[in-house]
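> So you can see what is in the structure, the chains are spelled out below.
There are 2 protein chains.
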Amino acid sequence: MSKRPLILITNDDGITAPGLRSLIDVMNEIGEVVVVAPDSPQSAMGHAITINSTLHCSKIKLNKGPQKEFSCSGTPADCVKLAVNELLKRKPDICVSGINHGSNSSINVIYSGTMSAALEAGIEGIPAIGFSLLDYRWGANFEPLKPAIKTITENAIKNGIPQNVVLNVNMPQVDSSEELNGIKICRQAKAYWIEKFDKRTNPMGKEYYWLTGEFINKDKGEDTDEWALNKNFISIVPVQYDLTAHHVIQELNTWDFG
Amino acid sequence: MSKRPLILITNDDGITAPGLRSLIDVMNEIGEVVVVAPDSPQSAMGHAITINSTLHCSKIKLNKGPQKEFSCSGTPADCVKLAVNELLKRKPDICVSGINHGSNSSINVIYSGTMSAALEAGIEGIPAIGFSLLDYRWGANFEPLKPAIKTITENAIKNGIPQNVVLNVNMPQVDSSEELNGIKICRQAKAYWIEKFDKRTNPMGKEYYWLTGEFINKDKGEDTDEWALNKNFISIVPVQYDLTAHHVIQELNTWDFG
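Taken in sequence, the protein lines are chains Y and R. The numbering of the first sequence is numbering that gives the first Met the number 0, which starts it at 0 and goes up by one. The numbering of the second sequence is numbering that gives the first Met the number 0, which starts it at 0 and goes up by one.
No wet-lab data here; the hints were simulated from the structure. Check each hint, because a few of them may be wrong.
Identical chains blur together in the list; that is why a pair holds if it fits in one copy or across any two.
To be verified - Below, in silico cross-link-like pairs of lysine-lysine (BS3-like), each with a Cα-Cα straight-line distance of 25 Å or less:
| hint | residue 1 | residue 2 |
| --- | --- | --- |
| 1 | 183 | 230 |
| 2 | 195 | 90 |
| 3 | 157 | 60 |
| 4 | 219 | 67 |
| 5 | 90 | 198 |
| 6 | 205 | 67 |
Generate coordinates for the entire structure from the input sequences, incorporating the hints supplied.
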């Protein structure tokens, strides 16, 4: 690549999120950066897109630096579509999403706005990575992860990401880079949430619920993202958007439809 | 199964949608039906869940029949979580979602609220099927599809759906059952949307966008859902929520992270 790579950055915590700002810092060292991010938090939006209402987008600048920034009214997937098809002059060399405030490991990938943005870019034929830190707090410490984020992104630009695949990178909460044990390629752990609904009554006497839950991992495999993260490794799970369970097609063909 | 199966019905077009009403008709013939559906349309919500605001749920009855009905403020995935963990007395024997007004074939499965509800049920360990009709209109004709929906659901109850898999059923638009050529087990076609943003200016002079697009299928395989639907077959794609691209793990393990 003769000129500097064009890097599209987005996220689901919104354009003001510290995790996004840390990702901008790292990417400014690698290439030419354009940020197109939601104007408000979009966590747990899954792969929502805006088809029944309008989208707004404003050029803004929240931080110093060479990056261009756009704030959009839509979801993370909307931001990628708008960036690629309307705002950017050429196809980006890579799209990075995050750094999410909170885990997108295991089954959480299904609910993740961060990963839906990466998947959207992947579907558009752009190499894409979602980055998440296992720390929900707005004041989470992203500094120790910056060297690894740079290494992973440079590898992806140099080697290319396999076709029809995007990378789901989750990072443990550490105080310094020295606490990290390395980077592992993993599979998605077979874990799940046991939901609990906290039922309350509002001042008008009407019942309502808060969704809460407990994360359960019964998958003892040492090749999973959960295992790696528990051992202070950064996990990289290659994620695909062909959802076909090819291995059960033969079984389903034995069904009798009359 | 000695007693009648307990069937949970949900959708993403909202509790008043004709497609949902048709699904209730069919399921009332098969088992004991509980409907837990969004109180407003949730199309293209992907796998969104409500974690930052409250959920409301009301017992209502919109149509005659033996079914119980609940109208909820959340997304399709919220409805399933709330049904299974709070509203139902026992785990349902099957969850059916739809009938969606519009296609969820090929890459559309990624954006689908209908399928996210089915996936949510699958994750909760409940056999689940999403049904969609290739007709966006509110007045779509669901009648000719009812016998096939019944057959597919009865097969799923009798045979069980393979573990960690849910079924994505798409149905062509036909005037009568005789026009259908049968039911085919398929893979997800590798097709995509070319987005076009319709850029407009509002009365206050501010620019905004409508997302539009064209669906492109370059996948010539005769084992895809798109192929089957074009030939007036009903397509069934088994869908999995382990998104790991297991086949590229070896390649990624050659990357040099220093």
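> Against each hint, give a clear statement of whether it holds in the structure.
Evaluation of the provided hints:
For a Cα distance limit of 25 Å, the shortest separation of residue 183 from residue 230 inside one copy, 11 Å, qualifies, whereas the shortest one across copies, 45 Å, does not. Taking the shortest alpha-carbon separations for residue 195 and residue 90, only the inter-copy value of 15 Å comes in at or below 25 Å, while the best intra-copy value is 44 Å. For a Cα distance limit of 25 Å, the shortest separation of residue 157 from residue 60 qualifies neither inside one copy, at 30 Å, nor across copies, at 59 Å. With identical chains, the CA atoms of residue 219 and residue 67 are never at most 25 Å apart, being 44 Å at best within one copy and 40 Å at best between copies.
Taking the shortest alpha-carbon separations for residue 90 and residue 198, only the inter-copy value of 20 Å comes in at or below 25 Å, while the best intra-copy value is 48 Å. Proximity of residue 205 to residue 67 under the C-alpha cut-off of 25 Å is restricted to the inter-copy arrangement: shortest distance 20 Å between copies versus 47 Å within a copy.
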